[in-house]
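Join the two chains, each given in its own frame, into one complex according to the hints.
Residue numbers (this note's numbering), protein chains in the order written: chain A, 959 to 1210; chain B, 70 to 188.
Be aware that one or more of the hints could be misleading.
[As the list claims (entries may be wrong)] On the chain B side, residues computed to face chain A include the following (Cβ under 8 Å): (1) 121; (2) 122; (3) 127; (4) 135; (5) 141.
[As the list claims (entries may be wrong)] Restraint-style ranges between C-beta atoms, simulated for each label pair: (6) A:1197 to B:126: 28 to 36 Å; (7) B:114 to A:1177: 45 to 53 Å; (8) A:1139 to B:108: 45 to 53 Å; (9) B:107 to A:1097: 18 to 26 Å; (10) B:126 to A:989: 23 to 31 Å; (11) B:114 to A:1197: 38 to 46 Å.
These aren't lab readings, by the way, just hints derived from the structure by calculation. The C-beta atom is built at its ideal place from N, Cα and C for all residues, glycine as well.
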Amino acid sequence: MTDKQNLVRYVLRLGDDALILGHRLSEWTSRAPFLEEDLGLTNVALDFVGRARMFYQYAAQLRGGDTTEDTFAYTRDVREFSNLLICELPRGDFAFTITRQFLYDAFALPFLQQLKQSSDSQLAAIAAKAEKESTYHLRRGREWIMRLGDGTEESRQRMLDALDQLWGYTPELFEVDELEQELIDAGIAVDSRALQSVWITTVSETLTAATLPVPETTWTANGGRSGIHTESLGYLLAELQYMQRAYPGLRW
Amino acid sequence: MMPWLPSKRSVVSSALTLRNKWDRLMADHLQLFEVFIRSRRGLDHKHVGSLHADDPEQALEYARDVYTRRGEGVSIWVVASKDITASQESDCDSFYDPLDDKPYRHASMYELPEGVDSL
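Pulled out of the complex, with its shape left as it was, chain B reads as follows (with noise of 0.2 Å):
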């Protein structure tokens, strides 16, 4: 035993302080949020990722410096991801599996007319 060493526990300990207090600071302090981002092109938003910010105003500025540092988008709409309400993965059977014997719903059973190349 080296008196002069921290222990082991007291090591470990003051790891889970630290991450606990970085894990309190961020749930106190920031909030989760979803963005969206309209490209130059595009007529939608599209879903580019998160990122963590005070409130809704700080995320958008941040929404812009980390999303379209490239100038990726003309608009940015960021979300609260607690605002989001999500279908979880145990309703797929009662959400998507009553459609595969409905495949009329599908284009694929008409004959295209002439000049129509796809659809």
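Chain A on its own, in the form it takes in the complex (with noise of 0.2 Å):
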């Protein structure tokens, strides 16, 4: 028998990753290029900030007591927050936002494949909304990869940079802690390791497609998973909290 702790430590993690991305996401709109791309960006956010609610509520309700989806959305600090570095990172400029929303999609459709086929039945039926959605994602996110890496000179660069900034995050997407081996075991987690082999040909096929290098990688970063975070987090948390802060318990 797993231990319930586990559990509710690992859907949280689920959770971290959504709410976080779909909030950066969210930052475009109204700001996104054009009218059209201002809509599509908010329905991916929307997605996004929909899927951590499905992992809240069922974290929530694994704990019991007074906890809500609320709860670990509002009222834990930084360090409380597990997400993936790269869905934390400021959203930078568009081509930044596209290539990180595409290294993350085509991590998290494989995985949303295999968590379908979780022993846990409520993760395998969260994975199977979830996977419509990122099969949507991810093909929207490539046809911008391929339009901005063979676009302009100056659309080429800003991919170029955004590529070389993100990287060195993306190896983060495939470790494999104590925690998370002990719910593969038990036939409940996605053992991520597997997943690296088909993430990287679907990236590097896009980034070929669209004549862009496939990077090397020269540097990491991780400690998502277990608090450890960049400086922007709290940043991006003092704006999503500020409400629940100032006003512990506000409804409306």
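Structure below.
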């Protein structure tokens, strides 16, 4: 029997990835390059926030008591968030947002396909719903990567810069710690290590089609899963949690 | 005259430059597409609006994001607006007026058989 505490921590990891990335995407609302893309990006942001809610609701149900989804979103501090670092990096320019999203979606899709097989039926159900969204996100991302990578001199340069800034955060996607190993053995969690080859194939194909080089890994950063974050997460949470921090328990 | 303020002319001209840049951007990179959607219970695609996109593939994705957010459709068509040939207002006289004196083309002349309530 798996420790329920560990299951809660795992579910929160997945919820944190979705909430933080969704929040970063939502920062584009009303600021995207043109109206249609504004709606497109906002739709993706909403998909991620919706995904976060499903994971948080499940975690709240597991924990019991007074805990709700809002407890996790609004009352935890930086060190208690366990999202991957790539999700929290500031939104940067449009090329950076698109590149981050593509690198993440190329991981999220096979991840969710595996999570659908989880022995935990709640996680499997959430994964089934999210998989459809991620299929669409990845399609969108792929086309943008090609459009920008093989676009103008400026768009290409911005893509190269974005890849350069992001690449070192991708190895963290495939790390498995003790907690996850325990849940993998129980048939609940996804073994992310096994997804790396699918991911690099998807990414290389798209980058090559976009005439962009596949970067070399010269540095790596990690720590998100154990609460060691970049400074930008604190600023993000300050905005996200402002209302509940200023007026605890506020409802509307 | 306050020398530290930009002259009115230069403000207007930079606003115009910006406007021109935007128009050029839209004209150079984005085309206008018309969007048609077939609803869940409909048999035909109906025109719902238009949008800007870089190519037909992207137009299809934006149509999904802009016009089917509430599950309005099961099928989408996008057509480049420039590919539509439209009748002009000036054609009205020759197109439609000659039909005004041909009431026999309407079914209203027929007596309805018994059992047919509406036609």
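Now the hints, each set against the structure:
no.	hint	result
1	121	6 Å, holds
2	122	6 Å, holds
3	127	6 Å, holds
4	135	5 Å, holds
5	141	14 Å, violated
6	A:1197 to B:126: 28 to 36 Å	35 Å, holds
7	B:114 to A:1177: 45 to 53 Å	52 Å, holds
8	A:1139 to B:108: 45 to 53 Å	49 Å, holds
9	B:107 to A:1097: 18 to 26 Å	21 Å, holds
10	B:126 to A:989: 23 to 31 Å	24 Å, holds
11	B:114 to A:1197: 38 to 46 Å	43 Å, holds
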